[in-house]
Amino acid sequence: MELILQQTVNAISLGGTYALLALGLAVVFSIMGMINFAHGELMTISGYVLMYCGILGVPFTIAVPLAVLAAMAAAVLMERIAFRPVRNASGATMLVTSFAVAMILQVLFQNLISPRSQPVLLPEYLSQSISVGGIFIGVNKLVAIVATLVMLFVLDRFMTRQKIGIAMRAAAEDFAVARLMGIRANTVIAGAFAISGMLAGVAAVLWVSQRASVDPLMGFVPVVKAFIAAILGGLGSLRGAVAGGFLLGFIEIYLAAFLPSGMQAFREPIGLSLVILVLLVRPNGLIPAATIRAQKV
Amino acid sequence: MITAPRVHIVFSIGAIIVVILGVGVLSMLSGAASERIATVFLISLIAVTGMGIYSGNSGILSFGHLSFMAIGAYAASLLTVPARMKSATLPNLPDWLAATELSLLSAVVIAVVFAGFVALLIGLAIGRLEGSAATIATLCLLIIVHGVIIGWRDVTRGAQTFFGVPRETTIWVAAAGCIVALILARMYRDSKSGLRLRAGRENAIAARAIGINIRRERLYAWVLSAAVMALSGALMAHFLGAFSPKKFFFVDTFFLLAMLIVGGMTTITGAFTGAASITVVTEVLRRLEGGFDLGALQIPPIFGTTQIGIGLIILIAMFRKADGLAGLKEWEERVFAKKAKTPALSGAAAATAVSADSPTLDARNITRRFGGLTALDNVSIRVAPGEIAGLIGPNGSGKTTLLNILSGVLAPDAGTIMRGDRDMSAIAPHAITSFGIARTFQNIRLFPTLSVYQNVLVAAISANQSKDAERRVQFALGRLELTDLAQKDAGTLSYGDQRRVEIARALACGPSLLFLDEPAAGMNREETDRLMQTLRALRDELGIGVLLVDHDMALINQLCDRMVVLNEGRLIAEGTPAEIRKNPLVIEAYIGRTNRGKIESPVPLHGA
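Residue numbers (the numbering used here), protein chains in the order written: chain D, 1 to 297; chain V, 298 to 905.
Each statement offered as a hint is correct.
A few chain V residues that face chain D, going by a derived Cβ cut-off under 7 Å, partial list only:
id, residue
1, R425
2, S429
3, C437
4, I441
5, G444
6, V445
7, G448
8, I558
9, I599
10, F600
11, Q604
12, I605
13, L612
14, M615
15, F616
16, A619
No farther apart than 25 Å at their CA atoms in a straight line, the calculated lysine to any residue pairs in the SDA-like style are these:
id, chain 1, residue 1, chain 2, residue 2
17, V, K383, D, A265
18, V, K618, V, A634
19, V, K626, D, P85
20, V, K626, D, V86
Hints are computed from structural coordinates only; laboratory data are not their basis. All residues carry an ideal CB built from backbone N, CA and C; glycine is no exception.
Next comes chain V alone, as it looks inside the complex (with noise of 0.2 Å):
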């Protein structure tokens, strides 16, 4: 269930229980007003975990989450008012509603739950929406939801304020959700669901070429982080005792952000961090409002000290770390680095064979074309189980389209794909791991801040429902000799090393098709000639079959065992290597008719 080594974990869950802990302790013992700001700290601290849980590991900034914590805090309160104050604030509320009366936990149970279920609703709804269109969809939803608060007078009292509500949030209740909330937030942070989330995060379309359904993903973390939200609107209204609409919307939701970006948004770490350094300027300035005396200078008072302090502080951290002060890992992953060394390589980290009846890849007729141009006529192509295939053309003839297409990425205009009795012409990009095809990208697609190890891992766990992950990971690690690299992260690495993780990724998928786009692009010459023997070992102990695009003609020549050339998005070729190279067409196509007519000799086509 969760991915990361357990030190980390462990490491992690005993320091949020000390700090938080530490905290109530701290204000405890140091007056009835500094336990007031701990109190609203920590419930501070909820609902920036939970932001943190959607915005941080799905990279979409949420305008909307305040929402989730009105619903909550209004949704408790109604349950937790006792009924004579609500037949008096609330005359008209439904009977069932006005005869209740819960004690805070289960009425903050409940809560969370129906906000859960109202973003499940919501979720659904946008999760289509991508990028900004996603964040001001979000903002939609917070004046949706305020409006919708205001005008329900029967049950909320409108813009009114709403008050009689027990104020039973001391700082220990505080502390016992904040606890709560924190691990689940870690916990989600590395769990499979967390993981692939991050890497669609770090790069959609390579996701989905591993298997990964973001926006499945992403719903799983919006009503985890609408859940979460409800909490803390429930703990703020027991606290408080009173409210009205008005506090949850732009002011307070530009506080939170403020916290969630100048601590770092994708961390349990930064979140702390956030809450605690804005809490602690926002209480300084707030002292510095009312004007003070510099000696012999009087200061006037100045209304919104605190809004222009925070305004300056985030943009020195989005100048100066636009990551946050925490940055990008949790403090225990820069600590225990070391220590989250992968498991040994066992003799058990041998990959199964494909079975040597794996189907056919068989396309038609293929035809694509972006708008007026057609970047691909009427192509068909076979790739045999076990044959590696060279697919070669000039730049700009359609190679990678057509890989596109075979992968799913992109739809074509007209033609059929079939994987052996299995039509795949019109899926969805994250199905395509389940045709046992796995491929690599020509501009390379990593998940730049995960480690070499995770980026492997989250392909392994992704594609064919997860078995059997920690193998497949290890053998594909140890094919590659990627073992040794394994906790850097993959956007540190050098050209070539890179290019070697992004095929172990597609070889922890499990496929018995492997698509490789200029897998030697960027490779010196020995690393070319390992990757080589690597993929020819692939085949021949695996019979994994290779789709292969590359301009290096050594290559294709001493590892195809066909070649299928493309010009102008039409198929001009097809045999063995050798045959090829003496096909006019194909020596027409990569130099062209000299001016006596005499055909060039084609090698070296491209700088082999």
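With the rest of the complex left out, here is chain D (with noise of 0.2 Å):
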């Protein structure tokens, strides 16, 4: 039993991590039909940024914001340069665009940083862990599962209440309408992109946080895994992007935990396996986004 709760904590803090890029995929997908494969060097960015100012003796409190600012900045220059030329192309336009601006950047750390990976300095408090009736949580568990929690209800807030955020999901229903409404192309693109870019810079904090390093493929991984948690969820849902993650995040936890040894070997296969079966039964997703049904013939 104990353990179950243990493994229970793990999945929920990996499962959100995944949620918070998946989400940041969903936002940008539900917008433009783009899957952006940079999303992960978005993640690296913020990594590096945790990095120097661990060298340089920023203080964390002020580094983390940095790191989730670089990884905004980063993605709405990212759009701006390299995703606004085929903003209208087809999706596997859109996707090859982005997988090469990914392999592009991942040359660029390995040669400007360094192909090894680094240590990044981090507080004592994130390593140390707490007791909670019996089980031990590890405190950057629970600061990932606080963040995650905070992040979705910052999120869902601003695409309910704001005026960005409500264009933002009326660009996503249809955005021909949408823009002869008076909504701005360019501003909802961009602020989808700085979205997805925040939600990419906590996730990289997170996920740095367990690890205390960064290397120029670490988004990679991570960003894979967070594609699948968005197909899994239903592609541009992003109530469904969130439920795909966690569940990609206890797929993962529970199996690394319970699958009998002479199986570890074959944990992925069979994790993604168990993904691809799910999607047999819900093709388009556990939550599908509201544009597939309402398609006009």
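Starting from two chains that each stand alone, build the complex the way the hints lay out.
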């Protein structure tokens, strides 16, 4: 029982990080129909900002907002430089463009910073753990869970209460009509990228605080997982992305904890096969996006 | 079997053989290093072609195809590695496999068949996914197969290098494999299945409406492309002699996708162009990677120059030519565009009349809701054989929804639809043509990059077991006066012409009942009059019934035997045009009551 509780905490923590990343992908996808492969590189940028702040002795409480801001700025720049020229192209064209951007950034990190993994200085308290009702919870896990919940709450408020948030939801339903209503395409798309950058930045801080290191490919693996989570939840659906992220987190952690040791080597294939199994039952994801049903013939 | 003109296929195959052999001869003449580069180029070209068979024709980008390359490499290698070597490196191999020692050719054949079989199983599972979800599922596939190879140590040596593979892939072996792969891919592109799949890529809803089962065609392409990938993988393994699972993961996926996309993924010409240009650029950049002197300037070694270079090439290609350097057409399709004239209309082009006892369409109590909106509320409609029925109503009254339900695009929430004594209430969209029904769409849904001829042909070969398809094509093109436009790309035509192509495409299905959704929209008076004559002739000569939605009251009044009026999802009137013109409910629906409560004259109702 304790083991299950313990693993559940781990699963929520990991799933929350996936959820934030998947949500970032979904915000952009819902508006542009673009799968941003370079989302992971936003994470990596945040990771490097944390690393440099540690080296320069910047306090962690300042380093974190700096890291998140850096990811936001990078996301907006990325859109302006690389994605705007292909904005109205097919989904495949945009996907391939972002794929190329990701590859270029990875090589730049390798050359300009270091091809190797670099340590990140973290405050002591993150690596401690506290005991709650007999189970030990790492402070970093707890922070991750709290941060995820806060982010989800803030984003929900933003999308339902703020003018630009509502404009973004309108654009996700029907971009052409939203523009006719006077919503500026550039503002909405830049806003979407800023939000996705912010979510990637927060996810990066959480990710780094579990590992205390950063490398040029840091963002790649979690973002591949986030793609899968976004699809699992229903591509373009924000609530779906969150659900998919948590489900994937649970699948991974429980398989790692409870799969017999002889089969641990096949953990990842088994986990992803489960994902595909879910998709076979629900081809449009757990919570399909509203636009899927509304296609006009 | 092949739908393209013979001259295209002959020249294409000829060029493939000459160019690939040319690459072989050239590389032989310029030394061992270039022979290696050329061999890798040819093997990569096989892989790019394999990816193109699926991604190009279906329009679904795949990240997972290197899984099949890996399966081909491991399967073939396990069969060719000498038994003594295997007992040392893979002691836990099952006996039958450990003792097997096959020649390269038989090992490749077995590996290709095996990969095809695996692809069939996987394709059956993930074939249900569409668009980006399908792409990400292929990404899952890549990770899954990679994980299985690493985990299955007894057979694959896990993450360690698999070595001792006989290095039997010479430049000529690679060239032979490449010629086979390219010809296969070229033939598939213009096979019936390939043409259907391309139609599905261009417009899935229209493709289903002419009887194409997209999922099935996709599965064929998936299996064929996996087999070609396995060929590439097997040859690669026997060229390298030693490889690890990393060889078939993200980095190589990136390089091969770059070739596919830069060249243009829908053609063999594009695959060759992409593979050649990326190979050249890679070789040049690789030389620069170690650093070089530029006069006084010393450029330090930059790690990953090739990756950056290729990334930039992809960006430029996407910004400038999103369809790739070769575009959407094969070279021979451009060069011999004129020669591809359709065979002249012969006397045989007359279509057979629909048998007089073609069944009645009888829809009863159809209800359909979208969320809170009831688009259709308990609507019943009959269309008798050989009848031209008009369906009118104000905007938003449910006309198109009713057509969509009658043609199987949407399922009704309640109600039954019978064609004669056959129930068609819950059929798959692509089964509609087997009920003798074909349709056009309100928002034109052509296959824009296919020619007019191909648009019509693909309908003829997909509906009704493709019996005498060619005759139906000629008949439809002739009747709609499209013979002169036959070789033009459908997307380049004027609006009115596009409408006529849609009708010709529906007619080529050989229907006994046509649904036309605003066929005259965007046509001028003259074109509308000609369309009216054509429709009347089809009914009088062939007995084809028509259910017509339009706002052009002149058209409806003159053409229809009977009219059905919808308003706010309900059927409010039914009768001859003269009766409908006098019906107060209809007038109210269109114009509303005047202040005095007197009813205004209903004609003209809608700009007629």
